[in-house]
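From first to last, the protein sequence lines stand for chains V and U. When we follow the working numbering, the leftmost residue of the first sequence carries the number 1, and every step to the right adds one. When we follow the working numbering, the leftmost residue of the second sequence carries the number 1001, and every step to the right adds one.
These are computed hints drawn from the structure, not numbers from a lab. Please note that a few of the clues may not be correct.
As the list claims (entries may be wrong) - Stretch by stretch, here's where chain V covers chain U in the computed footprint (C-beta under 8 Å, at least three residues):
id: 1; region: 1026-1037
id: 2; region: 1040-1049
id: 3; region: 1063-1075
All values reported here derive from a predicted model rather than from experimental measurement. C-beta atoms are modelled at their ideal positions from N, C-alpha and C, and glycine is treated no differently.
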Amino acid sequence: MSDHVPEITIFVVLFVLVSGMGFVASRWRRPETMASLDQWGLGGRSFGSWITWFLIGGDLYTAYTFVAVPALVFGAGATGFFAVPYTVIIYPMVMLVLIRLWSVSHVHGFVTPADFVRARFGSATLALLVAITGIVATMPYIALQLVGIQATLKAMGVNGHWPLIIAFAILAAYTYQSGLRAPALIAFVKDILIYAVILVAIFYIPARLGGWGHIFSAAQTKFASTPTPTDDLLLNKNNQLNYATLALGSALALFLYPHSATGVLASRNRNVIKRNMAALPAYSLLLGLIALIGFMAIAAGVKPLTSGGKADGNTIVPLLFDRIFPDWFTGVAFAAVGIGALVPAAIMSIAAANLFTRNIYKEYIHPEATDSEEAAVSKLASLVVKIGAVAVILLLDPQFSIDLQLIGGVIILQTLPAVGLGLLTRWFHRGGLIAGWVAGMSAGMWMLYQIPNPARGKDHFGGSAYDLHKLGFGTHMTVYVGLIAVALNLVVAFLATLALRAAKTPDGPDATRTDDYYADEGDPKIKELDLAAST
Amino acid sequence: MAPQNTNSPPNGRTNGRSDGSPWNWLLLIPVVVPLLTFLYNRTEPRLAGIPFFYWLQLAFIVVGVVCTAIVYQMTKKKGS
């Protein structure tokens, strides 16, 4: 540990600095009162282009992404690069669809995607399903941010639980006090650090390692020497379809995650969102370059640290930095990853807490809750969510969170018909959507259960690539589970809607109007009316 | 998945606005092209030693930026 003193010092100094910013953030763009979800949970719905860029960038490109994507490329090559097409296709979809969520939420005061579903389909049950799906999918995602911090701590030789607990306690405290303003302010520092580190890494490391040509030939040699057929510099005939479906499915899932909605709803108007859809891909470029760090680690001969006899691939980026960079810069790089974990963890816990408050607490426990009571409940819920995440990481195998995160992507996709398509059309019957959700959820779980991972000695939940041979097709091409599940979900929702219409089962009222979906800053808001009217 | 069009918004609340602009079709390019693996699943030609598979997909990011930027310019709310 002693030879890591400069790194640890810089890490701690930067960490303390941003923690201070987190607490000060409650006074930044200070509202008259913080005692409402609009203020605490959405930063007053007032963020302009720059803040939104940093906030959504910090929200979607998490520390875990920065650690796990290169680890995937390090281990499997081309298949790990799916993160790039995935983050290319997400923005056009947000521009077309999520922007409608902004408008309708602006008019009706929705805080969560489940609020929207509640009003759109007039079904508290469907909204509850969407809320629970969101919370369950988000929890392991928060836990994974800890895995990102843990990887850097390990590389600095810091083991044990206390540093992690302290980091998360500080995070919990300033999120409690400042709400969404804290991650919005910290995101500035985080991103400047990350951009600096990656730009240096992308020019400095290849120069040190003898150029890109050498890096890729070293990777080629490594993949050729392993017995596994799936790792290579290119895709093979069986995993191309999986690559494309995983990219598409992950993009659809990402935009359904409640924390994405939180980031989008916090922006000031539609132009801010549109402008950001053109500017946010700067992060995708960054992510693509970060993915290539996996190949650099191969060329540099990095061997992942092992814990409990298993190699921890997530340590390769920190280890590579530690080996190549001077100590002080390694400290900056590690701080970037560590702080990078705090921003999304804060936003995700706020999003999960808002779901609990709006769609469980207010709907079922205390319907008369005032704005300030809602804010108080959300603040407490955000603490509970974070304590849960820490407990999951410390008490269970971190691998468990990674598996849960895999499942999380598949289950959040099952809200696509209600939330994603619900923004475009009111055609589906609420009962049809519930039936589709149940079918998609069951099928997704069943398929994930069947996927083994021989490399890790697991029989179940070993990945998300489903072999079409198991469904009776005469091919071993693989497809992303989430996409198959959501396809089934849609078919069931479609058929059930037809059946329910034929049976003249009453449908819920739609509290939104067509022009609500185009509303912009300055348009009149209908506060609370719709939620009361649609019961 | 094309957005609905509102040609005659009631009570003028969305006067002159809709997200049904034909420019939105441009966004299909960055959604569809990156999913066509046969376009880029090869090594040659390399760029500065980086295989085609990797640099072309990084170039798709630029395509995405150009398409979204054009749509933004063409559909943004006037006067702001």
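| Unmet hints by their number, sorted upward, for this structure | The structure breaks none of the hints.
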